[in-house]
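Chemist: Letter by letter, the chains look like this.
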Amino acid sequence: MLLLALDTATPAVTVALHDGTDVIASSSQVDARRHGELLLPAVDRLLSEAGSRLADVTGIAVGIGPGPYTGLRVGLMTADTFGLALGVPVHGVCTLDALAYAADLEEPFVVATDARRKEVYWARYADSRTRLTDPAVDRPADIAEQVAAVPAVGAGALLYPDVFPRAHEPEHVSAAALARLAAERLAAGEELPAPRPLYLRRPDAQVPRNYKVVTPR
Amino acid sequence: MADSRDEPLVLGIETSCDETGVGVVRGTTLLADAVASSVDEHARFGGVVPEVASRAHLEAMVPTIERALKEAGVSARDLDGIAVTAGPGLAGALLVGVSAAKAYAYALGKPLYGVNHLASHICVDQLEHGPLPEPTMALLVSGGHSSLLLSADITSDVRPLGATIDDAAGEAFDKIARVLNLGFPGGPVIDRYAREGDPTAIAFPRGLTGPRDPAYDFSFSGLKTAVARWIEAKRAAGEEVPVRDVAASFQEAVVDVLTRKAVRACKDEGVDHLMIGGGVAANSRLRALAQDRCEAAGIRLRVPRPKLCTDNGAMVAALGAEMVARNRAASDWDLSADSSLPVTEPHVPGEAHDHAHHTGEGNLYS
Ligand SMILES: [Zn+2]
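Those sequence lines, one after another, are chains A and B. First residue of the first sequence: 1, per full-length UniProt numbering; consecutive thereafter. First residue of the second sequence: 1, per full-length UniProt numbering; consecutive thereafter.
Bound conformation, chain B alone (with noise of 0.2 Å):
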């Protein structure tokens, strides 16, 4: 095996959402994964609030990088490139953190690599069990995001095969943590709860698992509608709502669906392992339900360790370095943040330019 030396060092920032992140990777092994997270700041407004977040990123970032820098032990100079990722998510806040990637990369004379923030919550994998495998098969449930996703290659092939139609997994959970007035965000605090509580007390529905119906594509509207009025009627009875129950049965039927579409889609495409990612892949009940349904179906199961599923700079380093590995072209200097970035993008390679021409212009360390 090559000396690990050889592997490319890139250090990720992150700044899609409500969590600035960087990490420094080098190939597949995590070297330092440093998070300044604004969610308190958003908890009193029972969501994310994007000026919060994008004034939060611009005074964490450099503290932030320093920290990760410090926690890997390498020094800038060493780096073989910087990732940023370059969309989906919210525009202000992922302006931020593609300024301060392009900055940083052009003063230290590196490339610069816009990638895409799904395939980051993919590839990070890499960081806890290894290269991935090719095919992989993914399920990413997060607040933002609930898709089935196939990569050939992570840097070049990301195929949806199916997505929420209407609200994000981790949306429902805020939104049903709502209800029950647990407060935001309602991901962990449900999962709590639902650890005492009974998950077949009540039948809640499970969307779009007819037989008719899009076989990897999701809905959760319906099932948060069923929720809320159940809690209603309690209410309206004058009757206690048994919230441990509740939450263990609501949960219970986002998992359920999740982890049978996602099995499914692996028998279908004949693919032996999936990987679970994206913020709600630290829900403990995902976890064990796809690890039973995993194993009966003769699936191998990946899910990273809970800090790494949720928003992380780490992430984008991974696939900053794959990139790096696999010689993908590097970004321009003007590229952008792009809220939609489309999935079937997992990075924004510059168009006409020589990046080494850029680079080579005799900034710090090139």
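Bound-form chain A, shown alone (with noise of 0.2 Å):
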């Protein structure tokens, strides 16, 4: 098998090659503003490094976020297009819990990352492997008492010190984990979440009230 991963959940461009055994190579930008530009020629120079080509994937994974919206998009197009092309299935990975895989923690963590808007998407993790919670979208004072006491990893954690003492890296997510991740659980059999975008908050939109009045009164 060859699992092409990427990830444009958080601001790392991030894409990987997992050859069933084991990642064969995979590289990492970080620019929040440009994963639409950047995307595309990350998968191509990793292709080639690896000496492979795209016709020879046989699976995709992609993180399915939660994380800034446009970015976010950008990756789950580029995989589902991807799939849509070569035939081949599209599973989707929470951001969140590539990133717990990457903490590589035996002991309950929280995986946090940046939401901007001062606030945080988040979700407690018993190990590495597993999660207790659904991802959510908080202002950090608000989740203070319950993340203060365990690590935490994350941009959103390394953030604010305050509400994580025991913040530390990975900062942001890799392809990397994030294939190992998928692997691991495609061979354990396990079925991965479809390669939908996790937004945890509704469109921002105004219900326009009435017409401005121009006549002067």
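Since the hints were derived computationally from the structure, they do not count as laboratory data. Only a predicted model underlies this, so the values are computations on that prediction, with no experimental measurement involved. Glycine included, every Cβ here is placed at the ideal spot set by N, Cα and C. Worth double-checking, as some hints may not be accurate.
Not the full set, but computed from the structure, chain B residues with beta-carbon under 10 Å of chain A [as the list claims (entries may be wrong)]: (1) Pro-50; (2) Glu-51; (3) Arg-55; (4) Leu-58; (5) Glu-66; (6) Ser-99; (7) Lys-102; (8) Tyr-104; (9) Leu-108; (10) Ala-152; (11) Ser-156; (12) Trp-333; (13) Asp-334.
With the hints in hand, could you dock these two chains into one complex?
Modeler: Here it is, written out as structure tokens:
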């Protein structure tokens, strides 16, 4: 098998190839504003470094967030379309789960990424492979009591050290970890989620009030 | 004439606003025009909500590509290129289409063409009336733009003669529909009411038509305010608002200015035909008045059928096919979605790289 993994749900544009045994190539670039420009060239370089062709890929694993929407959609749309063109399955992986996997902890901890607007996307884990809560979006101060005592990873934790005093690396998700997690779960016969985005927030949309009256009073 | 099979077969993707469009053309022949619209999701907000549009594009893209290929009866492997709207438009919405187009082109081993939305609105007429005359005079009117453009070559040379200095024509329709409580979008419903009204009932102002005003620019903000004020005065006096007459008189003011300036531009530039595109080109009164005035001035009018005037993927494919036919450089894999791509750039050619080399790296059908 040849699994192409990618994630654009955090400031990292990260890609990896997994051959069923281990990751054979990977790369990450951190640039929160250029996911759209960076992803395809990164895939192109990844394949040529590995001496592979996209047509050799037998499956795709993609981070489904949660994460800032504009960047998140770049990875999902790319994965969806690769899946269509190649006729291979596209598997979703919760981005927080991939970060948790990379943390490599055997004790309870928290993963938190930056949700902007002074909020974090977060979830609690029993260990690196076991998530305990659904991903949520909250203001750090509102979850302080729940997270203060345990280690925490991710940019959201590192950004608010008062709330996450035991925060440490990794800061961003890596597709290498995402690929290993996906490969492990697939090998175990687990069903991975559909490649649909975890937005967690409703779209910002103001219902306009009635039109502004123009007649002077 | 060459076998039509020799003409470029291109798939086009459009996501600049609220329509997810995927079209397939062979040269100047329309093979498929699949559109998934999120307009109903925006209606309760009274306008297009960018995040709602972007979410809908992501969900609709793959099914719409599949539908377009099926409708066209072609296989992805036979495509000569993938074209996509690179701009202008809503940044987040454009990015979904650009991401899809890149991934599709890369996976299939086909060249990618990032093209301009406005040039696509012009080029779509090739699917209806055959190759564009050169130069082409085009009046583009929609919710996002109102421009007079002169193009000597739709793949390389588009010159803006004038544009709106405030609201787009389609925006004015939306706003007046809201004042009249007719819902969103405003264009079709105003058109419908106007058909039963008297276009001469109320003399609404014609913006920027004075002797010292710029000849080809438009302004609809003053008209919008005048119409709202007129309606409010009626309401304040406790009188019923004659919705049909207001709709007809307002619409007449808009299309009078649009057609007058477009015909003048044709005469001034010595162009003997006029192309009208964009969503407002679906307006029945605009089409009728343009026809009358063009005939009187000896100008041939070209307006595509309404479905090709509103945003769609076929127009993007049409311009992409022209790019292939004229050997224009393909775009690079780091193509950006550019929400303010200038109208003077019909496409976004790649820079240093040789695209043939890129696509030749052994993907599916290269
Ligand atoms: Zn348009």
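Chemist: So, for every hint listed, does it hold in this structure?
Modeler: Hint check:
no. : hint    : in the structure
1   : Pro-50  : holds, 8 Å
2   : Glu-51  : holds, 4 Å
3   : Arg-55  : holds, 7 Å
4   : Leu-58  : holds, 5 Å
5   : Glu-66  : holds, 7 Å
6   : Ser-99  : holds, 4 Å
7   : Lys-102 : holds, 5 Å
8   : Tyr-104 : holds, 5 Å
9   : Leu-108 : holds, 5 Å
10  : Ala-152 : violated, 31 Å
11  : Ser-156 : violated, 24 Å
12  : Trp-333 : holds, 4 Å
13  : Asp-334 : holds, 4 Å
Going through the hint list in order, the structure does not satisfy hints 10, 11.
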